[in-house]
Amino acid sequence: MTGEWATAFARVPELAREHLLVSFAAIGLALLLCAPLAVAAHRNRRFAAVALGLASLVQTIPGLALLALFFPVLLAVSTVLGEWVEPLGFLPALLALTLYALLPILRNAVTGLAGVDPAALEAAEGLGMTRWQKLRLVELPLALPTIVAGIRTAAVWTIGAATLATTIGQPSLGDLIFAGLQTQAWTLVLAGCAGSAALALSVDGAIALAQRGVERRQRLTGAIAGLMIAALAAFALWPQAHDNRPQVTIGAKGFSEQYILARLIGLRLERAGYAVDYRDNLGSGVLHAAVASGQVDIGVDYAGTLWTNELKRSDRQPREAMIAGIAAWMQGAGGARLIGPLGFENAYAFAVTRATAERLSLGDLHDLARAAPMMTLGTDPEFLERPEWRAVDAAYGMGFAGTRSLSPGFMYDALASNEADVITAYTSDGRVAADRLVLLADPEGAIPSYDALLVAHVDAAGDAGVRQVLDGLIGAIDVRTMAEANHMVDRVADKRSIGEAAAWLDAQIRAQEGAE
Amino acid sequence: MTADAAHRPPAIRFERLLCSHGAQPVLGPIDLAIARGSFVALVGASGSGKSTLIRSITHLHVPEAGRVEVDGIDVVSSDIAKLRRRIGYVFQSVGLFPHMDIAANIGIGARIGGDRLAIGRVEELLALVGLDPSFATRLPASLSGGQAQRVGVARALALEPAIMLMDEPFGALDPVTRDRLAREVRSLHDRLGLTTLMVTHDMAEALLIADRILVLDAGQIVADAPPAKLIANPGHPAAEALVAVPRAQAAAIAALAGPRT
Numbered sequence: 000m001t002g003e004w005a006t007a008f009a010r011v012p013e014l015a016r017e018h019l020l021v022s023f024a025a026i027g028l029a030l031l032l033c034a035p036l037a038v039a040a041h042r043n044r045r046f047a048a049v050a051l052g053l054a055s056l057v058q059t060i061p062g063l064a065l066l067a068l069f070f071p072v073l074l075a076v077s078t079v080l081g082e083w084v085e086p087l088g089f090l091p092a093l094l095a096l097t098l099y100a101l102l103p104i105l106r107n108a109v110t111g112l113a114g115v116d117p118a119a120l121e122a123a124e125g126l127g128m129t130r131w132q133k134l135r136l137v138e139l140p141l142a143l144p145t146i147v148a149g150i151r152t153a154a155v156w157t158i159g160a161a162t163l164a165t166t167i168g169q170p171s172l173g174d175l176i177f178a179g180l181q182t183q184a185w186t187l188v189l190a191g192c193a194g195s196a197a198l199a200l201s202v203d204g205a206i207a208l209a210q211r212g213v214e215r216r217q218r219l220t221g222a223i224a225g226l227m228i229a230a231l232a233a234f235a236l237w238p239q240a241h242d243n244r245p246q247v248t249i250g251a252k253g254f255s256e257q258y259i260l261a262r263l264i265g266l267r268l269e270r271a272g273y274a275v276d277y278r279d280n281l282g283s284g285v286l287h288a289a290v291a292s293g294q295v296d297i298g299v300d301y302a303g304t305l306w307t308n309e310l311k312r313s314d315r316q317p318r319e320a321m322i323a324g325i326a327a328w329m330q331g332a333g334g335a336r337l338i339g340p341l342g343f344e345n346a347y348a349f350a351v352t353r354a355t356a357e358r359l360s361l362g363d364l365h366d367l368a369r370a371a372p373m374m375t376l377g378t379d380p381e382f383l384e385r386p387e388w389r390a391v392d393a394a395y396g397m398g399f400a401g402t403r404s405l406s407p408g409f410m411y412d413a414l415a416s417n418e419a420d421v422i423t424a425y426t427s428d429g430r431v432a433a434d435r436l437v438l439l440a441d442p443e444g445a446i447p448s449y450d451a452l453l454v455a456h457v458d459a460a461g462d463a464g465v466r467q468v469l470d471g472l473i474g475a476i477d478v479r480t481m482a483e484a485n486h487m488v489d490r491v492a493d494k495r496s497i498g499e500a501a502a503w504l505d506a507q508i509r510a511q512e513g514a515e
Numbered sequence: 000m001t002a003d004a005a006h007r008p009p010a011i012r013f014e015r016l017l018c019s020h021g022a023q024p025v026l027g028p029i030d031l032a033i034a035r036g037s038f039v040a041l042v043g044a045s046g047s048g049k050s051t052l053i054r055s056i057t058h059l060h061v062p063e064a065g066r067v068e069v070d071g072i073d074v075v076s077s078d079i080a081k082l083r084r085r086i087g088y089v090f091q092s093v094g095l096f097p098h099m100d101i102a103a104n105i106g107i108g109a110r111i112g113g114d115r116l117a118i119g120r121v122e123e124l125l126a127l128v129g130l131d132p133s134f135a136t137r138l139p140a141s142l143s144g145g146q147a148q149r150v151g152v153a154r155a156l157a158l159e160p161a162i163m164l165m166d167e168p169f170g171a172l173d174p175v176t177r178d179r180l181a182r183e184v185r186s187l188h189d190r191l192g193l194t195t196l197m198v199t200h201d202m203a204e205a206l207l208i209a210d211r212i213l214v215l216d217a218g219q220i221v222a223d224a225p226p227a228k229l230i231a232n233p234g235h236p237a238a239e240a241l242v243a244v245p246r247a248q249a250a251a252i253a254a255l256a257g258p259r260t
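Chains as they are written, first to last, in numbering that gives the first Met the number 0: chain E, 0 to 515; chain C, 0 to 260.
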């Protein structure tokens, strides 16, 4: 447990720095945009209605979806404007968070300006102020408390929503939260949440203090607030220790196996003299696009996923033919290159308890189809929508008595407590072995191969040092070893951190290399 | 009126002035000249158009038709912001800026003209309206209604205007404060040689401090006379109604006081 805490806290300063940087940039950009918008909205009621309506509309989009939407949008923009428009990382996070911050700032500015005492406005006009003088000398100062309240709301929202930016490749304290939720490592979740809350509270407090300093003309209060904000900004902008080692970025989707493999690759690259950083929790399609565009150098993908989602193929092929097809397709489309299979599969497999298998004499999916009318299927929320299920149903004709949609972590519990009789397990999941489940064979080959494939951007693939490290991993991990590493971080008792599991996996591979 | 003044244009002149609120005509046509140095009271019931008339001078209300001249120059052809800074304006709602101290409020006209009002001048103006120099650093929220309006008058006088426009300046004050302030304003008018146009709904106040009273009714000037003439012969029913109130009050009070003397 102490090791886990140490790993969690070691990453906090750097993640907090990135978190604060993207949040500050978004709040700053939102302020720049809101200034003219608020003045225009103040002077034109119809414009105000339209601007506030649009800002509210943005707010109704869930934060996670808004961030995700910027990926395809910026991908399209980058094909027109060139590669400097990066569809992953800082830019999409900045734009999404800026849009999110607009509403509270704009709404409060418009409300504040509209609420200025009409007597003061009449006097301002009667005394001969121009429109700008009236705005600067009377309207803005009197609306300031309301405007600042809006900025504070926006700051707290933005810093909170920045935890979600991790899903589009912008590191933030959300990295800890997502990884912690996935592996049920609550210390990580706590570290991420507490860090994010501390940032939000200090920024909010600094702005509140600055406002008090200005309103009560307290120079000292103002100076302290200014120092606080300057210190936070300096922390966010602090130049990172320049690393002379060549830099490699490793991407990972949002589950245990991906985190472990990314750390394993990173561990080995660092040993070979590279500096490594990670982009965790990327969506499945996002990871591939990121490798293809070169924003991520290396990632692990799965044959069946690429086959269906990227090659758009629905035909069934033997695994060697699939892998060869994927390699050929990558050569022809974009900058991703297939390095090779890692040696194990993470496929969907129908799993039952040993007792069920014996009682109903289940060995393969034909047997399961026979028994299906008496059984309840427990499965993750997406399986029944996937082509694999349609293929299985077409090949075997599955008519289950009922189905139950469960989050992957709870599927195994449902099987143990007899709430489901059969589940769609993952072949490299440690719980399959731990719970001594029986995986049913697929003689018709309906479920495609899900070989774990090492994929790299063409530049990284061409780097001799990187290539040597990656080649050393080809065929090096069997499904039993991967399952055990996965189990180390997923289990409740004697839980290990992702880094520890990666180090263990590395040691296994080295022992094997030594034996050869 | 001196011989010299007779050759100069009136301080304010209205020519065929028409005003409306939206499609609703509320005032005019008005033809009127306000002589330099005079203290003119504009009296009428609510909705008679008296506020619209005074506001039209500096285009706080933009007229529908006709023209307004200040010192013989058409308001349309002058820089409105500059014109407003040249004219003292006192509002019924006072309109002190709550985030500025009294010195900053008094100096605001100079500030928007790109200038600064010396603290000595601020104290001079405070003295002029009967306030202690210590008021300079206070905030408007700490002032009574009467004190606030004294600051309002000081602010209007800060740039030494020749013309003072006062829109119900004492409307929100208690009768004692109101009476004292009205008399002080009249004496300032005389000492500084101002031309003053004051809107009020209080005929007694108008009768006691103005040189000339204009009665407005339904957007028309229905009476235009010095106080003594107006009280003797109001002429129009609306003017008669307005004059009847202070006349009856005076008589009633005299009757109450009579037996004792």
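A portion of the hints provided could be inaccurate.
[As the list claims (entries may be wrong)] One-sided and incomplete, this derived list gives chain E residues near chain C with beta-carbon spacing under 8 Å:
#	residue
1	Gly114
2	Glu124
3	Leu126
4	Ala354
5	Ala356
FYI, nobody ran anything at the bench for these hints, they're computed from the structure.
Heads up, the beta-carbon is just placed ideally off N, CA and C, and yes, glycines get one too.
Structure-based check of all given hints:
Nearest Cβ of chain C to the Cβ of glycine 114 (chain E): about 13 Å, over the 8 Å cut. The hint is violated. At about 6 Å, the closest approach between the beta carbon of glutamate 124 (chain E) and any beta carbon in chain C falls short of 8 Å, and the interface hint on this residue holds. The beta carbon of leucine 126 (chain E) comes within 6 Å of a beta carbon in chain C, closer than 8 Å, and the hint placing it at the interface holds. Proximity of alanine 354 (chain E) to chain C is violated relative to the hint, the smallest CB-CB distance being about 78 Å (cut-off 8 Å).
For the restraint placing alanine 356 (chain E) at the interface with chain C, the shortest Cβ-Cβ distance is roughly 79 Å, beyond the 8 Å limit, so the hint is violated.
The earlier numbered hints that this structure contradicts are 1, 4 and 5.
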